[in-house]
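Undergrad: Could you put the whole structure together from the sequences, leaning on the hints where they help?
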Amino acid sequence: DAGVTQSPTHLIKTRGQQVTLRCSPISGHKSVSWYQQVLGQGPQFIFQYYEKEERGRGNFPDRFSARQFPNYSSELNVNALLLGDSALYLCASSFSYFGANVLTFGAGSRLTVL
Amino acid sequence: AQSVTQPDIHITVSEGASLELRCNYSYGATPYLFWYVQSPGQGLQLLLKYFSGDTLVQGIKGFEAEFKRSQSSFNLRKPSVHWSDAAEYFCAVRLLGGSYIPTFGRGTSLIVHP
Numbered sequence: 029d030a031g032v033t034q035s036p037t038h039l040i041k042t043r044g045q046q047v048t049l050r051c052s053p054i055s056g057h058k059s060v061s062w063y064q065q066v067l068g069q070g071p072q073f074i075f076q077y078y079e080k081e082e083r084g085r086g087n088f089p090d091r092f093s094a095r096q097f098p099n100y101s102s103e104l105n106v107n108a109l110l111l112g113d114s115a116l117y118l119c120a121s122s123f124s125y126f127g128a129n130v131l132t133f134g135a136g137s138r139l140t141v142l
Numbered sequence: 002a003q004s005v006t007q008p009d010i011h012i013t014v015s016e017g018a019s020l021e022l023r024c025n026y027s028y029g030a031t032p033y034l035f036w037y038v039q040s041p042g043q044g045l046q047l048l049l050k051y052f053s054g055d056t057l058v059q060g061i062k063g064f065e066a067e068f069k070r071s072q073s074s075f076n077l078r079k080p081s082v083h084w085s086d087a088a089e090y091f092c093a094v095r096l097l098g099g100s101y102i103p104t105f106g107r108g109t110s111l112i113v114h115p
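As you go down the protein sequences, you meet chains A and B in turn.
Heads up: the first sequence begins at 29 in my numbering, then just goes up one per residue.
Heads up: the second sequence begins at 2 in my numbering, then just goes up one per residue.
Any given hint might turn out to be false.
Partial list, derived from the structure: chain A residues whose beta carbon lies under 7 Å from chain B [what the hints assert, rightly or not]:
hint	residue
1	P36
2	G44
3	P71
4	A128
Since the hints were made in silico from the structure, they are not lab data.
This structure is a prediction, so every number in the text was calculated from the model and none was measured.
Just so it is clear, CB atoms sit at the ideal spot from N, CA and C, and this is done for glycine as well.
TA: Below, the structure written as structure tokens:
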């Protein structure tokens, strides 16, 4: 079985632009979470979706948005990019969002904002 | 607020030596506990987890961790480190109820000398 897949793997944007990152969860997993990892830091929670509904939102500005599709894949959108948005964006999937669940992470999308 | 502390930013060991990475958390109740490893440019891979039961848990790649409720700790250990263990290690904590969002520590970078 394929693991969590993310695309693109690397991308470079300029300030003010918009970016869309994509994530396909492990087959059978219904929950997707997004994390931002700045160099030298641990992952910071952005969003969690389960069954296409938002179940959690971290402390990020409204420039960050996400959605989950009927096939449980997900997109993370970031508008009006700032230099500080440069980071590794990690997607993780799990069967559900409650109980004894374990997150399985993708390899991430490396965003550089110039 | 819940928090996870990994007090060591960097740890350097010689190949073949033993290893202990520290993790402390501050929560009101026993949480779910995880250790993840991240190789350069990669996503996070689960090493082991504690949900309940035996407080000494075994993981992949020869790692183990011990949950000590009295010390609010979940330290990761390995008896003999291999050069391939050089990576970033993250402790994560999640409550059994309420928010199901894992909180990650800032990570410990393991350097292995030959």
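Undergrad: Of the numbered hints stated previously, which ones are contradicted by the structure, given in increasing order?
TA: 1, 2
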